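Number of protein chains: 4
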Amino acid sequence: MVKILSPSTYNGWFHFPVRAQPHNTDYGGVVWHGAYLSWMESARVECLQAAGISFADLVAEGIDLPVVNMYLRYHVAVKMGEAVDVMTRLAPLERLRLNWEYEIRTTGKLCVSAQVSLVAIDRAKGKVMRSMPPILEKALERIAIAQSKQPT
Amino acid sequence: MVKILSPSTYNGWFHFPVRAQPHNTDYGGVVWHGAYLSWMESARVECLQAAGISFADLVAEGIDLPVVNMYLRYHVAVKMGEAVDVMTRLAPLERLRLNWEYEIRTTGKLCVSAQVSLVAIDRAKGKVMRSMPPILEKALERIAIAQSKQPT
Amino acid sequence: MVKILSPSTYNGWFHFPVRAQPHNTDYGGVVWHGAYLSWMESARVECLQAAGISFADLVAEGIDLPVVNMYLRYHVAVKMGEAVDVMTRLAPLERLRLNWEYEIRTTGKLCVSAQVSLVAIDRAKGKVMRSMPPILEKALERIAIAQSKQPT
Amino acid sequence: MVKILSPSTYNGWFHFPVRAQPHNTDYGGVVWHGAYLSWMESARVECLQAAGISFADLVAEGIDLPVVNMYLRYHVAVKMGEAVDVMTRLAPLERLRLNWEYEIRTTGKLCVSAQVSLVAIDRAKGKVMRSMPPILEKALERIAIAQSKQPT
Chain Z
14 MVKILSPSTY NGWFHFPVRA QPHNTDYGGV VWHGAYLSWM ESARVECLQA
64 AGISFADLVA EGIDLPVVNM YLRYHVAVKM GEAVDVMTRL APLERLRLNW
114 EYEIRTTGKL CVSAQVSLVA IDRAKGKVMR SMPPILEKAL ERIAIAQSKQ
164 PT
Chain W
14 MVKILSPSTY NGWFHFPVRA QPHNTDYGGV VWHGAYLSWM ESARVECLQA
64 AGISFADLVA EGIDLPVVNM YLRYHVAVKM GEAVDVMTRL APLERLRLNW
114 EYEIRTTGKL CVSAQVSLVA IDRAKGKVMR SMPPILEKAL ERIAIAQSKQ
164 PT
Chain S
14 MVKILSPSTY NGWFHFPVRA QPHNTDYGGV VWHGAYLSWM ESARVECLQA
64 AGISFADLVA EGIDLPVVNM YLRYHVAVKM GEAVDVMTRL APLERLRLNW
114 EYEIRTTGKL CVSAQVSLVA IDRAKGKVMR SMPPILEKAL ERIAIAQSKQ
164 PT
Chain L
14 MVKILSPSTY NGWFHFPVRA QPHNTDYGGV VWHGAYLSWM ESARVECLQA
64 AGISFADLVA EGIDLPVVNM YLRYHVAVKM GEAVDVMTRL APLERLRLNW
114 EYEIRTTGKL CVSAQVSLVA IDRAKGKVMR SMPPILEKAL ERIAIAQSKQ
164 PT
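Line by line, the protein sequences give chains Z, W, S and L. One point on numbering: in our numbering, the residue at position 55 of the first sequence is 68, and numbering is uninterrupted. One point on numbering: in our numbering, the residue at position 117 of the second sequence is 130, and numbering is uninterrupted. One point on numbering: in our numbering, the residue at position 36 of the third sequence is 49, and numbering is uninterrupted. One point on numbering: in our numbering, the residue at position 5 of the fourth sequence is 18, and numbering is uninterrupted.
Keep in mind that the hints were calculated from the coordinates and are not lab data. Where hints are given, some of them may not hold.
Pairs involving identical chains hold if they fit within one copy or between any two copies, as the list cannot separate such chains.
Only pairs whose alpha carbons sit at most 30 Å apart, straight line, appear in this in silico DSSO-like list of lysine-lysine [as the list claims (entries may be wrong)]:
#1 K162 - K92
#2 K140 - K92
#3 K138 - K162
#4 K140 - K162
#5 K151 - K122
#6 K138 - K151
Since the model is a prediction, treat every value here as computed from it, not as a measurement.
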């Protein structure tokens, strides 16, 4: 499950493969529109993990990364059983906001595109952090480098 | 659960009350960002129901209303146990697109604001309908009238 | 949403009404087997609430009520749009174990029957409590009394 | 994601690895009791897939495999971020009932044990099938053989 940082995994995007399971579907036999959010969150967590950060450790250290806004466009519904590629990449930091871009694809077809913004929060104070915590900053740098590499 | 169309229920908005239950929460003790989508969908379905349309019947008649895009802003996290007012109203029709606006509140505090756009689909053809089906058009008119009334 | 303790609400069972919404369904157009667990949890929380206990307050006071085992029988699948009556009652205490019984019905038809057992945990110690906390004991007594009353 | 049938993958059990993600957790920072059902379903689907059956194809051919009963015991709560091994195996067929056994473990610790029973349904008739459909029978045999092999 855990991805390894390498140009081939990246090529600009971090890839998180899933299958559309029965519990992801609705009455239409396709993935329910809200179920994509779970996949997107998993892709974010695994991308950070690949960059050396455990999200659970981050939370244990008093830092949280709540979603502050989210935009999704649904192009084609993913059908039950399909193999899905949840692709994500981090846009350049906008002050202290992490902007994740998403493309969710099945064999080349773009099904969902999305943007999700997070901020770093000091859990004890319940406030947005004024500067990026060093542990997170380092991981974001690693992701930026990995994203910029081309596959050989 | 089913709401009755009246100025007091409306006053511009349809109100769908819920409580933040344990299964809606995440490790932070607050509602997980994706859980709001279920509440928003329930509010839409109940608003249509109050206007005389059963969503299940609509689907049985070959019409679907998939989400085509969605924008959410998270202002304040809802805490476990809080009583929540999921408010929704329909913006004026933009061609054949249903634009639902949302405000999710706890005792006067705005927690989430959102916009969700749906289109009517012919399930058999898998295509967007060129004209609004009469059954749906009638319900949308009823919602528009209810929304415009002021409480006495 | 909050139910009031009275013989008519009870008649042996606490009733929690829901509708089968699109997000509860799977590819079969019926409620996904795991979705019933959310309804069952909500019914438990609202039953305690009606007996004077806020589950969120209980957790804030350091007491948790995790599920230790669960048995479900699926008789008839609930269809999208159906009005559902999630009925629950507390079996007589078995030492310190809360055994909740469930019947999930649509217009008289039994769809799911279940039993769910919980124990009271001291959150700080992470251990099962040796005696029922007084706040919980009082609520359980109130539920027992309400369950034993007949509607007039 | 798709597992390959081999004694090492099996050794009696089919292994489906997951990570406990934020959306799986509740206010306690651990996996919500109902979230295990999604993992268990995924493990079943992937086990059948490894044996040559696509669950989505099965449904498309008019066969469904609904859950008829389920028993779960919760021993230790899985914490956010933990790597989890969802293990499943098929008990010998009991007439036409598929009985799946589960052990959900984190680094050697047994967290949840469960049994889930399914029956094959003719989707058009809405009735339990009187004999196992050949496509399913073949896959079940392959699983039985894989389960009986020892790793070399």
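Status of the hints after comparison with the structure:
For the identical chains of this complex, K162 and K92 are neighbours neither inside a copy (33 Å) nor across copies (34 Å), given an alpha-carbon limit of 30 Å. In this homomeric assembly, K140 and K92 come within 30 Å of each other (Cα to Cα) only across copies, at 16 Å, whereas the closest approach inside a single copy is 40 Å. Proximity of K138 to K162 under the C-alpha cut-off of 30 Å is found in neither arrangement, the shortest distances being 38 Å within a copy and 43 Å between copies. In this assembly of identical chains, the alpha carbons of K140 and K162 never lie at most 30 Å apart, being 35 Å within a copy and 40 Å across copies at closest.
Proximity of K151 and K122 under a CA criterion of 30 Å is satisfied in neither setting, with 34 Å inside one chain copy and 33 Å between copies. When the C-alpha separation of K138 and K151 is checked against a cutoff of 30 Å, the pair qualifies only within one copy, where the shortest distance is 23 Å, while the shortest distance between copies is 36 Å.
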